[in-house]
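2 protein chains.
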Amino acid sequence: MKLYDWHIAPNPRRVHIFLAEKGLNIPLLEVGDGFVLKQDYREKFPQAMVPILELDDGTIIGEAMAICRYFEAIHPTPPLFGTDPESIAQITCWENRANEECFLAAAEVFRNSNPNFADRSLPGFADKLPQIPQLIERGKTRLAQFYKKIDGQLKKYEFLAGNTFSAADITCLCAIDFAGWVELGADSPLAQDCPNVQRWYKEVSSRPSAQA
Amino acid sequence: MKLYDWHIAPNPRRVHIFLAEKGLNIPLLEVGDGFVLKQDYREKFPQAMVPILELDDGTIIGEAMAICRYFEAIHPTPPLFGTDPESIAQITCWENRANEECFLAAAEVFRNSNPNFADRSLPGFADKLPQIPQLIERGKTRLAQFYKKIDGQLKKYEFLAGNTFSAADITCLCAIDFAGWVELGADSPLAQDCPNVQRWYKEVSSRPSAQA
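Those sequence lines, one after another, are chains A and B. First residue of the first sequence? That's 3 in the working numbering, and the numbers climb one at a time after it. First residue of the second sequence? That's 3 in the working numbering, and the numbers climb one at a time after it.
Be careful, since some hints might not be right.
Note that identical chains are pooled: a pair holds if it fits in a single copy or bridges any two copies.
[Unchecked claim] Below, computed lysine-lysine pairings styled on BS3-like, alpha-carbon distance capped at 30 Å:
id, residue 1, residue 2
1, K158, K24
2, K142, K130
3, K130, K204
4, K40, K151
5, K46, K151
6, K130, K24
7, K142, K4
In short, the hints are calculated from the structure, not lab data.
Pulled out of the complex, with its shape left as it was, chain A reads as follows (with noise of 0.2 Å):
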């Protein structure tokens, strides 16, 4: 199999992470070229989105999350999604808000800010999107509301779906990277007065898998 990879994007990242806390060495295949995806990869694939894995047979899985899905199915240890239906469901529910209120907000800002993605303001389409200036505003918005959220379940719990690392931590990492892109991460004013999320972000960051 082969992970088709842009590896400075942040939706890879969380697979990377995700094989390193599993152990997994994948082969890679780069597909990013400066700001965009090499034209032979958009010609295969013209969704144009990563990752991608390819199995041997050829399937195509995308998605990073139904990559790392299809991964904790051939390698349960260490478990990341759960193993009882409470930790299961809070993964899920946990992950999904990282991605969705955090993720997407920040993408929101940056591409809609980025002058390298002035026609391209979601991913995935092959005519041209143009920006709407007025989701960088709102994406903050969306941002300083989630921070302050996950500080309340991060005074609760060590990780974000529980007292156990699991993909949702994957997930909510590399959303607020992400973010730091656009100077909205986890050292921004949004997140200075979130002392869990501070607490958590050190901590997660400092793992081995972080650096994947």
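Based on these hints, arrange chain B on the given structure of chain A.
Using the frame of chain A, we list chain B on its own:
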């Protein structure tokens, strides 16, 4: 346990259909009141989103798919999130696409055009969040692309994530019917040149669970 429900809303419907497919009956507590959530619910859950599952010990599980994965874990039959690594991955992938590319796109159009949501352009915000009219057009573009994408997938497979009905079909049906609220559903011009979407829509809509 009980499920806090806003019966007409599209997110709770994902859980209703899921439970019906499992043959489960869970006590529902209606918390919707016209176009808003009841005040006592908003006070108890300031995030003010539905659905929420409350277990008998007071544990709270938010997010439609987290609730569904909870029930999958305690009632595995019939399986709706896959049974082997590949089906687990494909269902996660297509459920996520249906959510991000269709459900959220429909929400963009609805929330930014409906006068009842003038200051509530995103769910879950206590403070006012103004509408962004450009998101209406962008949402239509996203929906049009989504119909084309799943038409290709449904040409190859009976259901969205393969030849077995799954949680991906549930999210997709709820998302498309939500798009119907703003006249961009399966019977709209956006989907009329997608014969495989039409075939699939007729099939999943006629399952008894669709009326749940």
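How the hints compare with the structure:
no., hint, result
1, K158 / K24, "within (26 Å within a copy, 33 Å between copies)"
2, K142 / K130, "both (24 Å within a copy, 14 Å between copies)"
3, K130 / K204, "neither (39 Å within a copy, 33 Å between copies)"
4, K40 / K151, "between (38 Å within a copy, 21 Å between copies)"
5, K46 / K151, "between (40 Å within a copy, 15 Å between copies)"
6, K130 / K24, "neither (39 Å within a copy, 43 Å between copies)"
7, K142 / K4, "neither (36 Å within a copy, 35 Å between copies)"
Checked against the numbered hints above, the structure breaks hints 3, 6 and 7 and satisfies the rest.
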